[in-house]
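Modelling step: build the complete structure from the supplied sequences, incorporating the hints.
Residue numbers (full-length UniProt numbering), protein chains in the order written: chain F, 1 to 465; chain B, 1 to 516.
For the record, the hints were derived by calculation from the structure and aren't laboratory data. Quick reminder that beta carbons are idealized off the backbone N, C-alpha and C, glycines included. A few of these clues could be false.
[As the list claims (entries may be wrong)] Pairwise CB distance ranges (calculated):
no., chain 1, residue 1, chain 2, residue 2, range
1, B, Ser399, F, Trp28, 58 to 66 angstroms
2, F, Tyr158, B, Arg329, 45 to 53 angstroms
3, F, Gly187, B, Glu129, 51 to 59 angstroms
4, F, Ser236, B, Thr308, 32 to 40 angstroms
5, F, Ser236, B, Cys100, 22 to 30 angstroms
6, F, Trp28, B, Ser242, 39 to 47 angstroms
7, F, Pro261, B, Glu281, 30 to 38 angstroms
8, F, Met91, B, Pro159, 53 to 61 angstroms
9, F, Ile33, B, Glu129, 52 to 60 angstroms
[Stated by the list, open to error] Computed cross-link-like contacts, DSSO-like style, restricted to lysine-lysine with a CA-CA straight-line distance of at most 27 angstroms:
no., chain 1, residue 1, chain 2, residue 2
10, F, Lys215, F, Lys143
11, B, Lys106, F, Lys161
12, F, Lys260, B, Lys284
[To be verified] Some chain B residues well away from chain F (every beta-carbon gap over 10 angstroms; in silico):
no., residue
13, Thr74
14, Leu75
15, Ser77
16, Leu132
17, Thr163
18, Gly228
19, Ser242
20, Gln277
21, Asp293
22, Glu321
23, Glu332
24, Ala429
25, Asp430
26, Leu482
27, Glu504
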Amino acid sequence: MPTTASSMMLKDFTPPFDATVVTLLREWGAEIIGKANCDEFGMGSLNTHSVHGPVVNPFQAHSSSVPWVERERRSAGGSSGGSAAAVVAGMCSAALSTDTGGSTRLPASYCGIVGFKPSYGLISRWGVISFADSLDCVGIMTKDVSGTRHVFEALNVYDPKDPTSASANAREMAHRASAGTWTGLKGLRIGIPQEYFPSELSDEVLTPVRAAIEKLASEGAKIIPVSLPSTQYALSAYYVISSAEANSNMSRYDGVQYGKPIYMSSFRRCSSFGSGLHVPLPPASDLTNTASIYSRTRSAGFGPEVQKRILLGTYALTADAFDNYFLQAQRIRQLVRDDFNRVFHVRDFLSYSPKTPTAERSEPWAVPDDEVSHPLRTGVDVLIHPSAIRTAPLLGAPETDGLGAYVQDVLTVPASLAGLPALSVPLRPRDQEWPVGISVVGQWGCDEMVLRVGQVIESFQRRTD
Amino acid sequence: MLLPSCSPRTSLVVQRLHRAFHDKRWPGWQVIIGIETHAQIRSPEKLFSSSLTSSLGETPNIHVSLFDAAFPGTLPSLNQNCVDLALRTAIALNSRIQTCSSFDRKHYFYSDLPAGYQITQHYAPIAVEGSLRIPDRDTPIRIKQIQLEQDTAKSTFDPRTRTSNIDLNRAGTGLLEIVTEPDLRSPEEAGAYVRALQAMLRAIGASDGNMEAGSLRCDVNVSVNPIGEPAGTRCEIKNLNSVKFMQAAIIHEVHRQRDLLSGDDAVVPQETRGFNQDTFETFKMRSKEDAPDYRYMPDPNLGVLLITPERIEETARTMPELPWVTRIRLLERYKLSEQDVDILLNLDSDREDHTGAVAYFDRLCTEDRNPRIVFNWMIHELLGRLNAAKLTFAANPLSTIQLGELIDLVHSGAITGTSGKLLLREMLADPTSSQTPTERARSLSLLSTSSGELDVTSLCAVAIAALPAEASAFRNGHKNVLNKIIGRVMKDSRGRADSKGVKECLIALLEQGGGQ
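Structure (structure tokens):
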């Protein structure tokens, strides 16, 4: 089966090997029915930057009987909009996606399905075409949380082929911590991060999210307002880091091994490579110059969004800008991690090194009080916040261009920067309304806890029927 | 000597400084040289993939994994064997091993770089601050850093078809980049440094260090300045693949830069230069302004490489003997001359497998054997025969037990030296024979059955009888003819006779008129 990453560059590329996740799914008995549309190399929030064209959100309220052709054409979200659309349209029972800064959770939110980005390093990336390796995660999309849990259990396996695959020890520690001490909702401590309710948040999102939180409180969960002050810098840091890594990962598509080299000078000749040309080629220059062949090939093979990010990443990595952009962004990334570690009850098993030997602690997964001055005394189990600032935007709307598109990711990137598990659960829309997603975020490795809380929220939606 | 208290060592330094500063080729100028060496790591597998490394001349593109070809979706996996060899190198170079190092991507577009980046250690190399001693210099050459990195693929241009061919066999092979401080002061020191490094890398099994085959490559930074003035602007000469070319390139570069500095502009532009092996000249490749920005970025997949103190200790403990330690041992234990030690060390390029010349020599030198005699047999006789047959020492078919037995036969007087040489020739001609050297000597009738039993007198009498013309010529005063008769006796005795005894016996017989 070809894998194009929705790019002209990989138009005719059929990989000679299966990704670890595909092998695992097949072993588990799953049937792979096809590959889905996405933003080119995962870069986008609305699945509009694709050589195959945009994904139209297939969601329709139960009560609606408007024929397909007459419906509003809304975005399915991105980058894994095709996967979300396939699930909401009932074409498959589960879809895999990627999530670098929200590419699973945002489409899930816009399409009204469950979207899960597990902890970084739990699911193998071998065979996943890299966008930004330090952020890329394989995501899971299904209609309900139990479906997501099933797929996750099949894929949550150590893979020696992925150097970032989490060790058995880290998995085991986190799994034990994830079991939690609460039953039902009694004793569950939920943090509500104030920075995740910005002024841009629309009422159509705020109202159902607030109702869901109130419901959780009424069922016995303890709701605790928390602050993650570095959140405001997260989006900028995310775009610097992800673009730098993208710039690096896109380097292999130069027309020698991947992509078609363009040697000819005339625009017409180049056009014959297909209608996928996004930009006119630079004026004819020295055809024997290898650099000009690279630039022509890459100008023709990459779409404008990918080109924009390559240029941003190139700049961030140049010798003059490296300290002010790339390193600065890495510092912010650490601040974002520190924020999360400050509020969670469970420690970060990936980077935390205890001052006291773990064995001497009765609760080895908990952050000892004497090591962290905890503003909340014991910390929270999970965080809850809206998945997106709005419902699915109309395709072609002005806010879906430029920076407007980047702001879509503002609520999802912090969990990506910190490598945390994050689950978007759909809140049942009222008649004629577009879906809204609520996100549950946990400490690294506490994927099971996040899924359990997600399942509780999901059950409330059914009960209101 | 100016100061009576001046130690001989200090005066030596002064002498050498004087010599370096007053090089006859460029009097009044100081030359400053730094070298970056890329040594292919002698590991069966590549640095980040499990495909095999290859040697020169293999079918192109047979040792290529998905990762080596930069297939989308592939990820690196660090080969710990390469790390161990880097640690050995770091220990041999007396350097400080970083307990925490990391990998970075160096980006540039080139057809022999499938991923568009090379994984190297730019920001945190595996080892820093080392040193290497070279002959004829008191201060060691300081090593700035040692880093692990990937080799590129190999591209060759076919001018007939006007196509570039890419061979990915080499892509991803582990390299050790070893960078000196600008401590070298002459082309000869640069050559000595590379040879010392080469010998060390071979001795510890870290690299074949074969410059001609491309497993050791040098980039050289050269600057010149009038003595007493600050260092000049350096130029880098890329990809020098023999010590001879490296030295020639430095010499050409010194003259070129000196001429520029003596000219009207008095400026050396900072450049990257190549070396033309036909004209022995350097040529401009690119200027500083054209230097690429490699956009170094920490590799997001590989994380940090943690080296525990236990691992460093273990590596140091299991380290093969270093060449300079071997040298001292050979000099002190066996009392060999410097020259003989050089010969052995130069032969010794494959020591890790214990087939090397030094290990062979060590095994031969048992307590009851004289090391000098062993050396003569091993080098002058055995190696001489091998070289005459256009074979290297590595092709030597004789075990140390076989050669040792031969040496003992001669030493005990059981056979003569001449017979020993004949026996060696026979053994080399049929090395697979099941006969021991003693059995073979017996079957060739080389053994003196016991001392004195060889009847020299009758052999001499037979020879005089067989050469009557020569005998009478001797009696008529032509003393030189005697040698011909001696030769006849030696031949008849199959080398067993002692030529001095034969001579005395013949003179006695001839003078008493015997054999007429």
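Hints and how they fare:
no.	hint	verdict
1	B:Ser399 x F:Trp28: 58 to 66 angstroms	59 angstroms, holds
2	F:Tyr158 x B:Arg329: 45 to 53 angstroms	48 angstroms, holds
3	F:Gly187 x B:Glu129: 51 to 59 angstroms	55 angstroms, holds
4	F:Ser236 x B:Thr308: 32 to 40 angstroms	38 angstroms, holds
5	F:Ser236 x B:Cys100: 22 to 30 angstroms	28 angstroms, holds
6	F:Trp28 x B:Ser242: 39 to 47 angstroms	58 angstroms, violated
7	F:Pro261 x B:Glu281: 30 to 38 angstroms	35 angstroms, holds
8	F:Met91 x B:Pro159: 53 to 61 angstroms	55 angstroms, holds
9	F:Ile33 x B:Glu129: 52 to 60 angstroms	59 angstroms, holds
10	F:Lys215 x F:Lys143	22 angstroms, holds
11	B:Lys106 x F:Lys161	23 angstroms, holds
12	F:Lys260 x B:Lys284	33 angstroms, violated
13	Thr74	7 angstroms, violated
14	Leu75	6 angstroms, violated
15	Ser77	6 angstroms, violated
16	Leu132	30 angstroms, holds
17	Thr163	13 angstroms, holds
18	Gly228	34 angstroms, holds
19	Ser242	29 angstroms, holds
20	Gln277	24 angstroms, holds
21	Asp293	5 angstroms, violated
22	Glu321	35 angstroms, holds
23	Glu332	48 angstroms, holds
24	Ala429	54 angstroms, holds
25	Asp430	52 angstroms, holds
26	Leu482	80 angstroms, holds
27	Glu504	81 angstroms, holds
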